[in-house]
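J.: Below, each chain spelled out in residue letters.
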Amino acid sequence: MNELSKSNPVVFAAGLGKTYEAKGKKVVALDGISLEVNAGEFVSVCGPSGCGKSTLLLILGLLLKQDEGSLKLSGTDVSDLSQSSKSSFRAEHIGFVFQDFHLIPYLSVMDNILVPSLAKPVENAADRARMLLSEMGIENRCDHLPSALSAGERQRTALVRALLLQPELILADEPTGNLDRENSTIVLDHLAGYTDRGGAVIMATHDNEAMERTGTRIVLDEGRQISSK
Amino acid sequence: MNAKTLVIREILHRRWSFVIGVVAVMVSVSCLLGSLALLERFDRATEQELGKINSETEKILKGHEDGIRKAMKGLGFNIHIYPEGQDLAEIYSKGYGEELMPESYVNKLAESKIVTVNHLLPRLTQMIEWPEGETSVLLFGIRGEEPIAHRSGKRKGELLDPVGEGEIALGYELHHRRNIKEGDSVEFRGKTLKVSKVHGRRGGIDDITAWVALPAVQEMLGKPGKINSILALECNCESLDRLGEVTREIMAILPNTQVIEVESRALARAQARNGAKALRIQEMENFVRDREKLRDLRAAFANFFVVLVTLLSLVCITYLTASNVRERIHEVGALCAIGLSHSKVLQVILSRAVLMGLIGALLSVALLSICGVILQSGGVFDLIGFDAYSWTALIIAVPLMSGAAAWLPAFFGARRAPAEVLRNE
Ligand SMILES: Nc1ncnc2c1ncn2[C@@H]1O[C@H](COP(=O)(O)OP(=O)(O)OP(=O)(O)O)[C@@H](O)[C@H]1O
Ligand SMILES: [Mg+2]
Numbered sequence: 054m055n056e057l058s059k060s061n062p063v064v065f066a067a068g069l070g071k072t073y074e075a076k077g078k079k080v081v082a083l084d085g086i087s088l089e090v091n092a093g094e095f096v097s098v099c100g101p102s103g104c105g106k107s108t109l110l111l112i113l114g115l116l117l118k119q120d121e122g123s124l125k126l127s128g129t130d131v132s133d134l135s136q137s138s139k140s141s142f143r144a145e146h147i148g149f150v151f152q153d154f155h156l157i158p159y160l161s162v163m164d165n166i167l168v169p170s171l172a173k174p175v176e177n178a179a180d181r182a183r184m185l186l187s188e189m190g191i192e193n194r195c196d197h198l199p200s201a202l203s204a205g206e207r208q209r210t211a212l213v214r215a216l217l218l219q220p221e222l223i224l225a226d227e228p229t230g231n232l233d234r235e236n237s238t239i240v241l242d243h244l245a246g247y248t249d250r251g252g253a254v255i256m257a258t259h260d261n262e263a264m265e266r267t268g269t270r271i272v273l274d275e276g277r278q279i280s281s282k
Numbered sequence: 007m008n009a010k011t012l013v014i015r016e017i018l019h020r021r022w023s024f025v026i027g028v029v030a031v032m033v034s035v036s037c038l039l040g041s042l043a044l045l046e047r048f049d050r051a052t053e054q055e056l057g058k059i060n061s062e063t064e065k066i067l068k069g070h071e072d073g074i075r076k077a078m079k080g081l082g083f084n085i086h087i088y089p090e091g092q093d094l095a096e097i098y099s100k101g102y103g104e105e106l107m108p109e110s111y112v113n114k115l116a117e118s119k120i121v122t123v124n125h126l127l128p129r130l131t132q133m134i135e136w137p138e139g140e141t142s143v144l145l146f147g148i149r150g151e152e153p154i155a156h157r158s159g160k161r162k163g164e165l166l167d168p169v170g171e172g173e174i175a176l177g178y179e180l181h182h183r184r185n186i187k188e189g190d191s192v193e194f195r196g197k198t199l200k201v202s203k204v205h206g207r208r209g210g211i212d213d214i215t216a217w218v219a220l221p222a223v224q225e226m227l228g229k230p231g232k233i234n235s236i237l238a239l240e241c242n243c244e245s246l247d248r249l250g251e252v253t254r255e256i257m258a259i260l261p262n263t264q265v266i267e268v269e270s271r272a273l274a275r276a277q278a279r280n281g282a283k284a285l286r287i288q289e290m291e292n293f294v295r296d297r298e299k300l301r302d303l304r305a306a307f308a309n310f311f312v313v314l315v316t317l318l319s320l321v322c323i324t325y326l327t328a329s330n331v332r333e334r335i336h337e338v339g340a341l342c343a344i345g346l347s348h349s350k351v352l353q354v355i356l357s358r359a360v361l362m363g364l365i366g367a368l369l370s371v372a373l374l375s376i377c378g379v380i381l382q383s384g385g386v387f388d389l390i391g392f393d394a395y396s397w398t399a400l401i402i403a404v405p406l407m408s409g410a411a412a413w414l415p416a417f418f419g420a421r422r423a424p425a426e427v428l429r430n431e
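So the protein sequences, as listed, match chains C and B. The first sequence stops at residue 282 when you use our numbering, and every number in between is there. The second sequence stops at residue 431 when you use our numbering, and every number in between is there.
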């Protein structure tokens, strides 16, 4: 994990707003969202479908630009970074986990895990990948294609991919959405374990069990933050 | 794990669309190389055909030239020397002229250093009655050849049978009807002459000609010491303007004469040769013009065809790339989320198209060599005539073009906001 100065939160967002426009109609997806997430924190974002969870995660992951508000990640004001700076910032500081895994279908488990090293070459990436895979209990699936894996195994692979470069922040968008209880628990255990080692995790979910594993819960409704505890 | 692995695994994964792209490139490269080879083959066939026409012409002209040389050598060319005032129209209509010149002219010529004339035959001619034979006769007074004084004795035999003193030679019409034989005696204008020769039918004025020794004719016609022409035989000279040269030499010695060339076989041959040459040149020009027209047509068609096929294969690559990008939309989103830059993603997508071009170009060349081996025409490469530089340029240019064709869909694919595909649907 990259060294963080204690004073800087991993995420500092103030008054984030996002409005989509589709066919002339405005859809307010986020309205005045503020949050602060520190290293070691496990945060869940919940709320009904369409409340803006994914939108928030995409903005925090620099894949979408907010219309309003300011955003600092690991002490850097990221609002005005160029596209390529945002890319390298993501490679350096952020790991993504998606509900649909988004593994690359023609790469083996091992190669999928090593894709982040294309963005940011690191030493001993393969060793680290093997270590993480054995932690997840799928070290024997290294050479298999994603299509040969179960949903749980795929999500564990995606999780290893997100963890490879030891980012400060993991953004997980309904990581257990496609998993059974057993696999959900495994994934949540690993996310929690990661925060124990000093990483910050923000997870969008409407799974109660998942919410209960998190220390902080942000509840959204129609883009507005209705509670945070 | 590196970008190369990513690209190659993806190609293997979606191999059929890649194969289609490679085939499209192969088709257009093969069309290009094939049309180059065909045009070159056409040019070579033209050249070969031209060579054949040329050598045929050479042969024909050589035949003519040999003929001319032989004719020149055997006969040289012949000229008539007439008195200056002689109206040539009279000669052409009557067969001889009335104007006279001194017989001594012959001696003057013979004693001069004239180099171009071999034989000199003085003649006195006139159409007269042969009362005893009851017919008109062209009386031809001839003298044995006048030896050319300054030349040594090694001369060819007499050109014309001389008619001796008291002798007469008769044309066919003159002896045949009267049943006169060689050795007979005939009465000719009061003189008894011995027939030294009876000629066969020649089908011309010779058949009513009687040849008698010049002094006797001069006496018969009352024109002593006079002649009306000198026939100069076997005139030879190096230059092309042969008549001019002979004329100049003769005029220097006999200024009061005119010189006319006798139509000769050599002249006819020369004319025939020139005619044949002109005809062959015309033929060759026509051939070249026709072939050029045909070549232009072929080249225009080949250009059109190659451009069309190339455009189609580029469109094919553009389309394949667009559908590839569509298929990979989640993958591209994931790569962006992972932190790969747009340019890196673009590079990954374009590599596929560039590889299509490279493999397509290499396979076309390989296919061409295989075809060359199968058809046993190893000259395909020779026909295309590319040097190493051109081949390298081709192998570089084709992938670049293929990459350029893929650029637009790849660019928009890589720039597509990943948020849209990454938000859980
Ligand atoms: N490109 C878009 N154009 C218009 N509206 C959009 C667009 N993307 C999202 N929205 C709208 O923005 C709102 C928030 O969407 P978002 O995907 O963030 O919700 P969510 O909380 O993640 O929902 P879910 O739980 O179903 O994943 C929704 O009402 C959605 O319809
Ligand atoms: Mg969502």
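No lab work stands behind these hints: they were computed from the structure. Keep in mind the model is a prediction, meaning the values are calculated, not measured. Virtual Cβ for every residue (Gly too), placed ideally from N, Cα, C. Incorrect hints may have been included.
What the hints assert, rightly or not - In silico negatives: residues of chain C with every beta carbon more than 10 Å from chain B: (1) Asn91; (2) Gly114; (3) Ser132; (4) Arg143; (5) Ala204; (6) Arg214; (7) Gly268.
Unchecked claim - Restricting the straight-line Cα-Cα distance to at most 16 Å, the calculated cross-link-like pairs of lysine to aspartate or glutamate (EDC-like) are: (8) B:Lys299 to B:Glu53; (9) B:Lys10 to C:Asp242; (10) C:Lys118 to B:Glu426.
J.: A separate judgement is required for each hint: does it hold in the structure or not?
T.: Going down the list of hints, with the structure as the test:
No Cβ of chain B approaches the Cβ of Asn91 of chain C within 10 Å, the least distance being about 23 Å, so the stated non-interface status holds. The Cβ of Gly114 of chain C sits about 7 Å from the closest Cβ of chain B, inside the 10 Å cut-off, so the non-interface label is violated. Remark: the non-interface label on Ser132 of chain C is consistent with the geometry, its nearest Cβ contact in chain B lying 16 Å away (cut-off 10 Å). With a least CB separation of 4 Å from chain B, Arg143 of chain C falls inside the 10 Å interface cut-off, contrary to its annotation.
Chain B leaves Ala204 of chain C outside its interface by the beta-carbon criterion, the shortest separation being 14 Å against a cut-off of 10 Å. Distance to chain B contradicts Arg214 of chain C as a non-interface residue, since its nearest Cβ pair spans about 7 Å, not more than 10 Å. No Cβ of chain B comes within 10 Å of the Cβ of Gly268 of chain C; the nearest lies about 24 Å off, and the non-interface call holds. A C-alpha spacing of about 15 Å is found between Lys299 of chain B and Glu53 of chain B, which places the hinted pair at or below 16 Å, so the restraint holds.
Of the supplied pair hints, the one linking Lys10 of chain B and Asp242 of chain C is violated, its CA atoms being roughly 35 Å apart against a limit of 16 Å. Of the pairs offered as hints, the one joining Lys118 of chain C and Glu426 of chain B holds, with about 13 Å between alpha carbons and a cut-off of 16 Å not exceeded.
Hint compliance for this structure: hints 2, 4, 6 and 9 are not met, and every other hint is.
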